[in-house]
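Novice: Sequence:
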Amino acid sequence: MRLDIDLPRSTIYLTRETGRLNIFSLNNGTITAEATELGSLIKLDNRWIYSAKNNDQFIFNDRGALIRQNLQSGVQRSISYSQNKLFVTDNFGNSLELTQDENNQPLGFRSSSVEGRYDYSTSGQLIKSQITLNGMSKTRLYHYEDEHNPRLLTGLTDERGIRFATWSYDDQGRAISSEHAGGMEKIQIVYNNDGSTTVTNELGKVTRYRFQNLQGLQRIIAIIGEPSVDCPSSNSSFTYTSRGQLASKRDNNGNLTTYQYNARGLETSRTEAAGTAQARTITTDWHPTLFLPVQVSEPGRITRYQYDAEGRKTGETVTTR
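Per this note's numbering, the sequence shown runs over residues 851 to 1171.
Please note: incorrect hints may appear among the correct ones.
List time: in silico DSBU-like cross-link candidates among lysine-lysine, alpha-carbon distance up to 35 angstroms [as the list claims (entries may be wrong)]:
1. Lys903 with Lys893
2. Lys1055 with Lys1099
3. Lys903 with Lys1099
4. Lys935 with Lys1036
5. Lys978 with Lys988
6. Lys1163 with Lys893
7. Lys1055 with Lys1036
8. Lys978 with Lys1036
9. Lys935 with Lys893
10. Lys988 with Lys935
11. Lys935 with Lys903
12. Lys988 with Lys893
13. Lys1036 with Lys988
Keep in mind that the hints were calculated from the coordinates and are not lab data. Because the structure is a prediction, the values reported are computed rather than measured.
Please build the complete structure, drawing on both the sequences and the hints.
Specialist: So, in structure tokens, the structure goes:
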């Protein structure tokens, strides 16, 4: 993860470990997240602190480099930097040394029991990884064979020297097929002119997905499953709030579930079988600053949770009604 602070544009960019980019605006000292971002970012002295929806906390220095992780699981990691090396230690005594190139791509890593090495092509694609554990090395090769875009990953050769996976793309760089060795588990994708996508799975089951663009993100609004020998037809539909959160879903049996959220984007109410005599509503009250539920009320019982200052659960009580 990395934080890029663009003060002239009053914009802060958070690059997640998945590659996703979260954008925050900075106005007179106030940091505001984009509509679809449920985490929070604050500046404390010369550090930036990002708290994710799952209560994982990430701390960055004034240059945007990650220096600490405080995870909800209890794991705490400290990260330091020296030239092209990165050092990671945790609260369990584990340590990791990572070497990077000038583009911050990992060249290798080393811990007490395992070490690894990565090789790249002249254009920067990973082409080989070698992991050594207890004196035994395993090598993987990565292939880039697309004639339209040589940067797209098209295959993986595993430790046995077998072409384990193959991917193909259309001329726009969109994935159109995925398969394992010998054509096993092959998935095919067709991008239709109306913006929908048709997926055929390894059993020949055909499913069409329809989308809606909300806040720059593609959300599924309908799943239409065509009947096959092995599976009956199946259809589901979805609606969303203006923030891109799920507002309702209707399953293949016609059952409707609706959702409501607070200003922080956290689910406060969920009604299953909405509009029927069997309707069942679950409400959730949240901690005022942490992304943690303090009370969950459902038909027949109420569950209350207690936490310490660091968000670790210290108690739970259940009351029937």
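Novice: The structure should be examined with respect to each hint, and the outcome stated for every one.
Specialist: Results of checking the hints against the structure:
Only pairs whose Cα atoms come within 35 angstroms are accepted, and Lys903 paired with Lys893 is accepted, the gap being roughly 18 angstroms. Restraint check for Lys1055 and Lys1099: the C-alpha separation of about 22 angstroms stays at or below 35 angstroms, so the hint holds. At roughly 22 angstroms between alpha-carbon atoms, Lys903 and Lys1099 fall within 35 angstroms of each other, so this suggested pair holds. Straight-line distance between C-alpha atoms of Lys935 and Lys1036 comes to about 41 angstroms, which puts the hinted pair past the 35 angstroms bound.
For the hint pairing Lys978 with Lys988, the CA-to-CA distance comes to about 11 angstroms; that is within 35 angstroms, so the pair holds. Taking the CA atoms of Lys1163 and Lys893, the gap is about 26 angstroms. The hint holds against a cut of 35 angstroms. A C-alpha spacing of about 11 angstroms is found between Lys1055 and Lys1036, which places the hinted pair at or below 35 angstroms, so the restraint holds. In summary, the hint linking Lys978 to Lys1036 is supported, as the alpha carbons are separated by about 25 angstroms, within the 35 angstroms threshold.
Of the pairs offered as hints, the one joining Lys935 and Lys893 holds, with about 26 angstroms between alpha carbons and a cut-off of 35 angstroms not exceeded. With a C-alpha separation of about 24 angstroms, the suggested pair Lys988 and Lys935 falls inside the 35 angstroms cut-off, and the hint holds. For a cut-off of 35 angstroms, the pair hint linking Lys935 to Lys903 stands: about 30 angstroms separates their Cα positions. Of the supplied pair hints, the one linking Lys988 and Lys893 is violated, its CA atoms being roughly 43 angstroms apart against a limit of 35 angstroms.
Simply put, Lys1036 and Lys988 have alpha-carbon atoms about 26 angstroms apart, close enough for the 35 angstroms limit, and the pair holds.
This entry does not satisfy hints 4 and 12, going by the numbered hints stated previously.
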